[in-house]
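Protein chains: 2
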Amino acid sequence: MGQLTGGDPSLLRRINSAVVLRALRAAGSPTLTDLTRVTGLSRPTVEGVVEGLIGTGLVVEAGAEEGARRQGRPARRYRFRAEAGHLLGIEIGSHRVAVLLSGLDGRVIGAGTKDVAETASADERLERVRAAVADLLRRAGVPRDSLRAVGVGSPGIVEADGTVRLGTALPGWTGLPLGERLRRSFRCPVQVENDANAAAVAEHWKGAAQDTDDMVFVMAGLSPGAGSLIGGRLHRGYGGAAGEIGALHLLGRDVTPEKLLSTTGEPLHPLDEQAVAEVFTMARRGDERAVAAVERFIQRLVHDVAALVLAMDPELVVVGGWAAGLDGVLDPLRRELERYCLRPPRVAQSLLGEAAVATGALRLALDHVEEELFAVEKTVTTRRR
Amino acid sequence: MGQLTGGDPSLLRRINSAVVLRALRAAGSPTLTDLTRVTGLSRPTVEGVVEGLIGTGLVVEAGAEEGARRQGRPARRYRFRAEAGHLLGIEIGSHRVAVLLSGLDGRVIGAGTKDVAETASADERLERVRAAVADLLRRAGVPRDSLRAVGVGSPGIVEADGTVRLGTALPGWTGLPLGERLRRSFRCPVQVENDANAAAVAEHWKGAAQDTDDMVFVMAGLSPGAGSLIGGRLHRGYGGAAGEIGALHLLGRDVTPEKLLSTTGEPLHPLDEQAVAEVFTMARRGDERAVAAVERFIQRLVHDVAALVLAMDPELVVVGGWAAGLDGVLDPLRRELERYCLRPPRVAQSLLGEAAVATGALRLALDHVEEELFAVEKTVTTRRR
Chain S
105 MGQLTGGDPS
115 LLRRINSAVV
125 LRALRAAGSP
135 TLTDLTRVTG
145 LSRPTVEGVV
155 EGLIGTGLVV
165 EAGAEEGARR
175 QGRPARRYRF
185 RAEAGHLLGI
195 EIGSHRVAVL
205 LSGLDGRVIG
215 AGTKDVAETA
225 SADERLERVR
235 AAVADLLRRA
245 GVPRDSLRAV
255 GVGSPGIVEA
265 DGTVRLGTAL
275 PGWTGLPLGE
285 RLRRSFRCPV
295 QVENDANAAA
305 VAEHWKGAAQ
315 DTDDMVFVMA
325 GLSPGAGSLI
335 GGRLHRGYGG
345 AAGEIGALHL
355 LGRDVTPEKL
365 LSTTGEPLHP
375 LDEQAVAEVF
385 TMARRGDERA
395 VAAVERFIQR
405 LVHDVAALVL
415 AMDPELVVVG
425 GWAAGLDGVL
435 DPLRRELERY
445 CLRPPRVAQS
455 LLGEAAVATG
465 ALRLALDHVE
475 EELFAVEKTV
485 TTRRR
Chain D
105 MGQLTGGDPS
115 LLRRINSAVV
125 LRALRAAGSP
135 TLTDLTRVTG
145 LSRPTVEGVV
155 EGLIGTGLVV
165 EAGAEEGARR
175 QGRPARRYRF
185 RAEAGHLLGI
195 EIGSHRVAVL
205 LSGLDGRVIG
215 AGTKDVAETA
225 SADERLERVR
235 AAVADLLRRA
245 GVPRDSLRAV
255 GVGSPGIVEA
265 DGTVRLGTAL
275 PGWTGLPLGE
285 RLRRSFRCPV
295 QVENDANAAA
305 VAEHWKGAAQ
315 DTDDMVFVMA
325 GLSPGAGSLI
335 GGRLHRGYGG
345 AAGEIGALHL
355 LGRDVTPEKL
365 LSTTGEPLHP
375 LDEQAVAEVF
385 TMARRGDERA
395 VAAVERFIQR
405 LVHDVAALVL
415 AMDPELVVVG
425 GWAAGLDGVL
435 DPLRRELERY
445 CLRPPRVAQS
455 LLGEAAVATG
465 ALRLALDHVE
475 EELFAVEKTV
485 TTRRR
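Line by line, the protein sequences give chains S and D. Count along the first sequence from 1, then add 104; that gives the number in the working numbering. Count along the second sequence from 1, then add 104; that gives the number in the working numbering.
It is possible that part of the hints are untrue.
What the hints assert, rightly or not - Listed next, with one range per pair, are the computed distances between beta-carbon atoms:
#1 D:161 to S:455: 51 to 59 Å
#2 D:115 to S:455: 37 to 45 Å
#3 S:221 to D:426: 52 to 60 Å
#4 S:130 to D:144: 30 to 38 Å
#5 D:370 to S:442: 44 to 52 Å
#6 S:116 to D:132: 34 to 42 Å
#7 S:457 to D:186: 54 to 62 Å
#8 D:265 to S:186: 43 to 51 Å
Stated by the list, open to error - Non-contacting residues of chain S with respect to chain D, defined by C-beta distances greater than 12 Å in every case (computed):
#9 167
#10 283
#11 291
#12 396
#13 415
Unchecked claim - Among the chain S residues that face chain D by a calculated CB cut under 7 Å, a handful are:
#14 338
#15 343
#16 412
#17 414
#18 447
#19 448
Treat the hints as calculated values from the structure; they're not laboratory data. If you're wondering where the values come from, they're calculated on a predicted model, not measured in any experiment. Glycine residues also receive a C-beta, built at the ideal position from the N, C-alpha and C atoms.
If we strip away everything but chain S, and leave its shape as in the complex, we get:
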C-alpha cells in the first residue's frame, strides 16, 4: 500500500510542480489565473511553483506583447520552454543511419541521414552515427550539452541496459554494449530498442496506429520482425525477444525466404534489397519463375504474421519495412488473415515508412524526459499485485 496519510512536503512540491508544468505545456501561454483554475491549486501555490520552474529554465514569462494590453497592466503569461532541452531519435540500420532532433515537446526540428555499408564494422557504424549527430546538431545550432535524452532503434534483441543480445543483421552487433558505447558520446540517458519495437511505438504516436492501443507492427523483409503494443504499452517479452517471428522459418526445416525468392536456385543475399526488388519487378512483368518466387515469399510472410496475430490478437496490424511498399503484399496478407484468423485484425500500411524507426526512437527519448518531468503518478500510485 502507498502511504496516503502523513505528509511529505518535498513530494507535494514535486506533485504540484508536475501538475503546473503539464498544464503549462498543454495550454498556449496561460496566466496565473488560468493555471489556478486548470490545476485546482491555490494561487500562492501556483505562484511559488511557477517561480521555481522559471529558475530551472523550463518555464519563461511570455512577452507582454502576447498578453492583452487593454487594461494598461496586462496579466503576466507564461510558457513551457520546449527549447530548454533537446532529444534525439536515431535509427541504426544496415544501409543507413537516420537521426531526428526535437525540443522537449517532441516536435521535430531537424533530420539527417548518412549511408553506411552493409559490411561496416560496429565501430565504423557507430562512427557514422556520431558524424550524423554532429552534422545535425551543427546545422540546427543546438549545443551537445542541451541533449536531455537519446532514443535508438536498431535490429536485434536488445537487453534492458542497451546491450545487443543477438543481432545477426549487422556485423559485430551481437554482444555489443550499444547503450554503454553511445552513453559515452552523449552524457545523457540513452534508450536502445529493437527497431520493430521502435517502429510500433512510432506508428502509435504519429502513424497508422494512432487510434488503437493494441497493435502489431510488422517489419516486412526477408527476415520479418515485429513489435507489439498491448494496452498502449510496448510488449518487449521477458527477454526482449518478443516478435522475433523471423525464426519461424527455421521450424519444420522450411526453406529460408532467401531461397523462396530466388529464381535461379541460388539463395539471394539476405540484405540484398535490390536483388529482391528485381524479383518483384520481374514478377510484375509476368516472368513465371519470379511470379512463383513472389507467391512463395508472400505465403511465408502471411504465415509468420498470422502466427503472431493468433498469439497476440491485436486490433490492428501495421506493415512496414521495405516489403510493405511492394505491390502484392498487403492485399494477399489481408485476405489470408481474414481467412485463417478467428478474429482477423485490420491491416494497414505504415504511414511513417522510412522514418518509422527514428520516429519511434525519438518517442522513447520523449517518454524518458516526460517521465522525469511529469511522473507524478509513478510516485504516488501503488500497483495492484
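With chain S's structure known, arrange chain D on it following the hints.
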C-alpha cells in the same frame, strides 16, 4: 490527474476499511493494537473500521480463548470471516463438468465433477453444471445465497460479457450467452474465461508458474490452445482470441492433427482422446506407423508452441491438457524450443493437471471479490497515458 487535494470522507473510509480488512486477512487474529501498528492508522480509526466490518459480517471477534489470558482481561482479537461468503470455480469441458467451492479466502472446501457426453447440447451441458453445483453446495452445507462470485472456464473465444464468440469444441457453444445464462442461476457476478486462459491463471496461482509473471500455458491436445500472463496479468488480446494457435494448422494448408495422428489414413475424431491414446500406446510398443504418427503430431505441437513463444517471449511455458501427460511430448518440445527460439523459455509440465481450469476459474472469482473488498488503488490511482 487524480485529485489529490480536497477530501472525500466516504472515499477515505473505504480506503481505511480496505486497509484494515487486508491486514486482518493477512494476520491470524490480530488485536486492535496489532492492526494500529500494521496499518499506520490511528487507534480510533481502526476501532471505527473494525466495528463497521463486524456489522457487515466480514469480521468477527475471535473467541477470547484464543487470546492470552495471563493478564486477567485479555486484549480482544479479531479475524476475517472467510466463511462470510463463498466462491465457485467451474470447468465446462467436452467430457465433464468440474466444480470447486471455496470461502472468501480462496481455500478449497469442496469439489465435484459430473460426466457429460461430447455430443450434449448446450442446454444439457448447462443442466449438468447446475446439477454438479447443487450437489456440491448440498454436500458442503453452503446455502446458494452465500455465493459471492462464480468463475467459469470453457473452450472457445469468450467476449468480456461472457458470450462465446466462437467455440467449435462443444456443440451449440458458438454464440451462446454463457455468462448471461449462468447469471440467471447464480444471482451473483459470473466471470467466464477461455479454458486455457483460466489454466494459465491457475498455474500462476498454485501450480508450476508460481515463480514467474511472464508465462504461457499450452493446453496440449489435438487442437492446442494457449493462455498467457504478461507481468502477472492475463493477456486476453483485443478480441479475447489471444493464444488461439490451434488455427495455425490451417495456414499453408497443412494437414490437421487428426490426420497427422492417424495410422490408417482416416483422420481420428478430434475429441476421441481414447483413439489418440491408443496411437501413443502403439508407438511405445514400437508400431512403426504409430511412431511416425506421434512424431508428426509432436512436430506440429512444437511448431505451434514455438510460434507462440517467438511472438510472446515468455519466461516459462507450462504444458497441460491431456497430451502433456503422454510420454515423448515434453522432452522433444524442450529440445526443439532450445534449438529454434532465440531465447528459449523454461518448459514445465502442469502441476494442477485436470484441476487447472476449475482452479483458474476459482481464482477469477476470488479476483473479483478481492477487487470489491480490497480495491483501494483502483479508486485513488491514475494511469499513465
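Quick rundown of the hints versus the structure:
1. A hinted range of 51 to 59 Å for the beta carbons of residue 161 of chain D and residue 455 of chain S is consistent with their spacing of about 57 Å.
2. A beta carbon spacing of about 43 Å between residue 115 of chain D and residue 455 of chain S agrees with the range 37 to 45 Å that was offered as a hint.
3. A beta carbon spacing of about 55 Å between residue 221 of chain S and residue 426 of chain D agrees with the range 52 to 60 Å that was offered as a hint.
4. In this structure the hint that residue 130 of chain S and residue 144 of chain D lie 30 to 38 Å apart at CB holds, the actual value being about 36 Å.
5. At about 31 Å, the beta-carbon gap between residue 370 of chain D and residue 442 of chain S misses the expected band of 44 to 52 Å.
6. Against the hinted window of 34 to 42 Å, the Cβ-Cβ separation of residue 116 of chain S and residue 132 of chain D comes to about 37 Å, which satisfies the hint.
7. The hint said 54 to 62 Å for the Cβ distance between residue 457 of chain S and residue 186 of chain D, and at roughly 59 Å that hint holds.
8. Under the hint 43 to 51 Å, the C-beta atoms of residue 265 of chain D and residue 186 of chain S, about 45 Å apart, fit the expected range.
9. At the 12 Å boundary, the C-beta of residue 167 of chain S stays outside the reach of chain D, the nearest C-beta of that chain being 29 Å off.
10. No beta-carbon of chain D is positioned within 12 Å of the beta-carbon of residue 283 of chain S; the least distance is around 18 Å.
11. For residue 291 of chain S, the requirement that its beta carbon stay farther than 12 Å from each beta carbon of chain D is met, with the minimum near 27 Å.
12. Against chain D, the non-interface label of residue 396 of chain S holds: every CB pair exceeds 12 Å, the least being about 16 Å.
13. With a minimum CB-CB distance of about 4 Å to chain D, residue 415 of chain S fails to clear the 12 Å threshold, and the non-interface call is violated.
14. Annotation: interface hint on residue 338 of chain S violated; nearest CB of chain D at approximately 11 Å, more than 7 Å.
15. Interface restraint check for residue 343 of chain S: the shortest CB-CB distance to chain D comes to about 4 Å, inside 7 Å, so the restraint holds.
16. Interface hint status for residue 412 of chain S: upheld, as the beta-carbon distance to the closest one in chain D is roughly 5 Å, under 7 Å.
17. About 5 Å separates the beta-carbon of residue 414 of chain S from the nearest beta-carbon of chain D, less than 7 Å, and the hint is met.
18. Checking residue 447 of chain S against chain D: minimum C-beta separation of about 4 Å stays under 7 Å; hint holds.
19. Evaluation of the residue 448 of chain S hint against chain D yields a violated restraint, the C-beta minimum of about 10 Å exceeding 7 Å.
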